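The chain contents come next:
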Amino acid sequence: MNALNSSTAPAGEYAGDEVSAIVLDPGYNTTRAGFAGEDVPKSVCPTFYGYIDSDSGPQYLFGENAIHNPQANLQIKNPWGADGIVEDWDTATKLWQYAITSRLTGPRERPPIRSSANEQNGSGNRDPDAMDVDVEVAVESTEKPLEDSPLLMTEPGWNPTKAREKAIEIAMEEWGTPAFYLQKTGVLAAFASGKASGIIIDVGASHTSVTPVLDGMVLKKGVQKSPLAGNFVSSQIRLLFKQAQPEIQITPHYLVKSKTAVDAGAPAQAVYRSFDPPPHSSFRHHEEDRVLTEFKESVVEVWPGPQRLSVGPNEEIAKSQPGRPFEMPDGWNQVFGIERFKAAEGLFDASAAQTDAEHPRPKDEHTIPKLVQAALASVDADQRPMLLANIVVTGGSTLLYKFNDRLLAELNAMYPSTRNKIIAPGSIVERKYAAWIGGSILASLGSFHQLWISKKEYEEHGVNIVEKRCR
Amino acid sequence: MATGRDVRDIFGLPAGSDATKTAVPKRAKPAAPAKPRIQGVAREVAALYGERPPPVAVYEEKKAYRPKRNTGPAKQWVEERFTNQARSDGLVLRHWRRKDEWEKLVAQQQDGDISMDTSSLEVQPIVSRSDFVKYNVEVDMPTFTDEEYDAHLRSDDWSREETDYLLSLVKDYAYRWPVIWDRYDFQPGGAQGPQEKGDSNALSTMPFAPTKARTVEDLKARFYDISARLMRLRIPEVQMDAEQYQLYETLQKYNPHSERNRKELAAALMNRSMDEVKEEEFLLTELQRINMAASRLDAERDELRARLETPIPNPGNAPGLQSFHTSAGLQQLFNQLVAQEKNKKKAAGPPAPGGRLNLSTTEAAGTPTTNGQAAQQLAANRRTSMAQPPPPTPVRQLSPQAEYRFNVSTHDRLTSGVSFGSDKLLKMRQAKSNVQTQKIAAALAELGISEIISIPTSRVAEVFEQLVSKVGKLLDVRKVREKEEGECRVLEAMKAQKEAKENGMPAVEGSGRGNAGSAAAVKREEVGETPRPEEMEVDGEGEEDADGEADEDEGRSKRGTSEAVSTSTRARKRSASVLSQASTKSTKRARK
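Residue numbers (full-length UniProt numbering), protein chains in the order written: chain A, 1 to 471; chain B, 1 to 592.
Isolated chain A, as found in the complex (with noise of 0.2 Å):
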């Protein structure tokens, strides 16, 4: 992974340095954590948690593992809030800490005699006789899990000012790490496909983001978000389903204990599992989702354009095309024609959106298109063709067969007399984890020494100094 090795001395301008800094990227759906040079977060982890309100005290479930297990009274929640940013910051951190120690840092078995020195004198003790007051200070921190690593966070390009101190001092404070930097996602992802400029636009679970950034910064008066991402797209589907003749049903993987294979658009034979008592209706939602997911990834295509699907004779062209078949787990099939195009046409065109009493009409400026637009006017206009010449696309709602096509249809519809790129990179684990590899980039560049703040310039100046210092 990591090219340097002893007969390769680091020459000329590779700028590596690395510190064994760790990179932890929350996503809605995903936790990614890794340690900085390595290509992919080794520790990918739901940032969906299971939560059993029982007598002896409330029960945190972590991981792949135990979310998905159908225990008695489970409830599946996700610490983030509906507008993008961290909403339970408590069991967010313990989430995190999970993330980070469930795979990379471990417990913490460390003789005490090698941990850091950092908090024993800053300015570089050279004194042989100030070394053993070293011990004792180690010994009282061994609790904290992250004293050796300094840690790169990522945050989303609109992340206020309260959520980022608190980041700063979650990371101080309860990990204890040495050095913390905070940096917006979208410079991250640029960074990972070797852009300094360019604007990025990311569409995750909950949230579409267009940033703009210039030479690794944001533009913040660009930054432009949506809830029109894979969530929404789920949902879009939820919606195709309970709209067809007949309805269809969805029913996860754990209700199911044996299927016998019927026909396209049979109903099931299958034997179910009953659950007494059940999980929380949340579990079921979420399992659900992973239903929906698989369907995303193996039906679900985008019209590719180039113009919308309402368009013309495009919904006709659309129908003509072969359909994809998909099984759901109860073993209930059928191919699927013109639905596939019409559940992801909703990002791009918000009057082809299903829409029904609880899902309201999304709003126009809230499509994909009409977020760059507006990410552009808010940008000086002479970085406007630059930046379109650099469009980088992550995050993995963007995988969606022929997202691309499509996006660029309909960006150099809106700006014919630009060179528009797209730049995707083509493997799906780059393409989904881009800001975290930009990250791991980034923490592991021996430039990068000098921009973390460290545990004494924090103790110095308090949570604020992260609005001073990460900009």
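Treat the hints as calculated values from the structure; they're not laboratory data.
All of these numbers come straight from a predicted model, not from anything done at the bench.
Don't take each hint at face value.
What the hints assert, rightly or not - What the simulated footprint calls covered on chain A by chain B, stretch by stretch (three residues with Cβ under 8 Å from a Cβ of chain B suffice, anywhere in the stretch; the number is not a length):
1) 213-227
2) 413-422
Claimed, not checked - Dumping the calculated PhoX-like pairs for lysine-lysine here, alpha-carbon to alpha-carbon at most 20 Å:
3) A:Lys220 - A:Lys468
4) B:Lys171 - A:Lys220
5) B:Lys479 - B:Lys432
6) A:Lys402 - A:Lys370
7) A:Lys468 - B:Lys171
8) A:Lys220 - A:Lys162
Glycine included, each C-beta is placed from N, C-alpha and C at the ideal position.
Based on these hints, arrange chain B on the given structure of chain A.
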């Protein structure tokens, strides 16, 4: 079958086989070492060695094995604790370094005190690293004192606080103006607020309608203004060197309004619709096409002018005096003349006594004055010799009449071999292009010249050559005439159209281009009248076979108005060229 034994028997040789035994391996031996193919050298090179082995042994290049890496004990690494010199807070981080390298650094930084046990971690010294300090760069900022600010930098629009805020932002974001503008969020402490309202109205027209009062241009203008003032304060204008003055000028000349307009235009350019972009593309290609057609027409015209105006180049005369401007040329000429003289004298009579030998070429060439004179003389000689070819070598001089009578011809140079006069004539009929050949043939047929000329004497050939060259010229002229006529027709049509429009008729083609075309037509009117009579005159000669090409003109005239626009701009030029054509024409006719 006769074996070796039998032969030996016949020759009476002893039956002993030792002689043959030695001979056979001898023959085999030299072949054996040559056998292995030498791989390092190319086959052709190997063949050059011949049968003998090369004097230097050629070794086959074996596979190059990389020597195994030095298999010593594994290199030791140390998790080094270090501080970054770019930091002031002494943050200690760790990274892995080779132990030997690390020990060196430790020894260096501990002033040679390596007494401590470096292997145990508890007392591991912290080293100071400066590997990446070079990236810790700060931007240059203008600085000023309070007095300077009061004296020179005050502004009605900018408070001191806001100016300081601006400068701090510029420093923080290292002159990245879009970022500075993006982050610019000055909260005036108290009463400074209202003064910013002044230009907010003007700003609302900006494409990116900011809620803030300051635009990038405002920020830049203020900062550049401060920089320029401070610069002048530090270095008086007269003392600035070129670079400084250039910078100073740029700073001073910054005009936020023009910059703002420029940005508006840039935004407008970007926000064009697809149709507009397509139209621009179309217009650009159209323009390119027109330009190409125009340049092609110019080239054709130039070629024709050159053909009609310059005298027929005489191949013998081709170098002209030009070639005698260099000393080498003169030398050559001199040699040539000396040789000619020699020949003449040899032919004329007994060699001149002695004197001729004195006229060695080196001697004459050595003196520049005589050389120059000689050259002049020789040039003069040469000119006369051109007019009347030098007397032929035969002893008997024939009078011109006699020459004519006996059909004696003189040649500067004879081609080897025998050729038919009729072949020569046939060659003259052929032009470069097939079409042209056909046209020449048609013209000759009209003139009643049969395809095969019965007695192709050299004199006939001469006359025929003249005729053919004239025909060629006339064909060229006709081509031009047709082109001109076509253009005239187009322009007249446009003129008529314009007149119709002026008379109150509704214009059929109300496009913007129509105006330009009509304006051009007017221009043509002024100059276009003159060429026409001449062109008609030309008709007289080309008429006979012009009919065939007449329909081509129709096609040309249909090429649309765009062509007319381009041609009309050259109307003036054309009339001049036509005049010159006409004059050459008339002289030619007179000759005929």
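Open item on the list: Does A:Lys370 sit within 20 Å of A:Lys402, going by the straight-line distance between their CA atoms?
Closed with: holds, 19 Å
TODO: Would you mind confirming whether the straight-line C-alpha gap from A:Lys220 to A:Lys162 stays at or under 20 Å?
DONE: Holds - the C-alpha atoms of A:Lys162 and A:Lys220 are around 16 Å apart, at most 20 Å.
Task: Given hint A:Lys220 paired with B:Lys171 - CA-CA distance at most 20 Å - done: holds, 18 Å
Task: Hint consistency between B:Lys479 and B:Lys432 [alpha-carbon to alpha-carbon, up to 20 Å] - done: holds, 16 Å
TODO: For the pair we were handed, A:Lys220 and A:Lys468, check the Cα-Cα distance against 20 Å.
DONE: holds, 15 Å
Task: Outcome, coverage of the segment 413-422 of chain A by chain B - at least 3 residues whose beta-carbon is closer than 8 Å to one in that chain - done: holds (count 5)
Open item on the list: Does B:Lys171 sit within 20 Å of A:Lys468, going by the straight-line distance between their CA atoms?
Closed with: Holds. A:Lys468 to B:Lys171 sits at ~13 Å (cutoff 20 Å).
Open item on the list: Under 8 Å between beta-carbons, do enough residues of the segment 213-227 of chain A, three at least, approach chain B for the coverage claim to hold?
Closed with: holds (count 7)
Every hint, counting from the list given before, is met by this structure.
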